[in-house]
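Asks: Sequence:
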Amino acid sequence: RWDEIMRIASTQVVVTAKVETVDGQVISIRQSTEAESKLSAIYDLLYINPKPLGKRKSMLHPNHTSKNLDIGNQGVT
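Using UniProt numbering, you'd call the opening residue of the sequence shown number 1 and step up by one each time.
Treat each hint with caution, since some may be false.
[What the hints assert, rightly or not] Derived Cβ-Cβ restraints for the label pairs, each shown as a range:
hint, residue 1, residue 2, range
1, W2, T33, 35 to 45 angstroms
2, D3, Q25, 18 to 28 angstroms
3, H61, E4, 24 to 34 angstroms
4, P50, V26, 22 to 32 angstroms
5, K38, H61, 35 to 45 angstroms
6, P62, W2, 39 to 49 angstroms
7, S28, P52, 17 to 27 angstroms
To be clear, the hints were calculated from the coordinates, so they are not data collected in a lab.
Here the structure is a predicted model, which is why all the values come from computation and not from measurement.
Note that the Cβ used here is the ideal one computed from N, Cα and C, for glycine as well.
Please put together the full structure from these sequences, using the hints given.
Replies: Structure, rendered in structure tokens:
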């Protein structure tokens, strides 16, 4: 049932870590958690990438507070 699929899918989340450098820049790293075995099986059946986000890094410069500079998808290590 759909509610069971949603319950299984809710176990995978996106985690964000932020750190401020000494010069005031904020570095942010976003990454999804590993899919549990049941969710991985669903992804496999649907040909869905279990880590669609990969690892994303961005940097917010103190003088450019309105823009986020996306350094790009760095892949998952």
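Asks: Now tell me if each hint is right for this structure.
Replies: Results for each hint:
1. Restraint check, W2 to T33: a C-beta distance of roughly 22 angstroms breaks the suggested window 35 to 45 angstroms.
2. At about 43 angstroms, the beta-carbon gap between D3 and Q25 misses the expected band of 18 to 28 angstroms.
3. Separation of H61 from E4 is about 45 angstroms and departs from the stated range, judged on CB atoms against 24 to 34 angstroms.
4. Separation of P50 from V26 is about 29 angstroms and conforms to the stated range, judged on CB atoms against 22 to 32 angstroms.
5. In this structure, K38 and H61 meet the distance hint of 35 to 45 angstroms, their C-beta atoms being roughly 42 angstroms apart.
6. Restraint check, P62 to W2: a C-beta distance of roughly 46 angstroms satisfies the suggested window 39 to 49 angstroms.
7. Distance hint check: the CB atoms of S28 and P52 are about 18 angstroms apart, consistent with the given range 17 to 27 angstroms.
In summary, the structure is inconsistent with hints 1, 2, 3 from the numbered list given earlier, while agreeing with the others.
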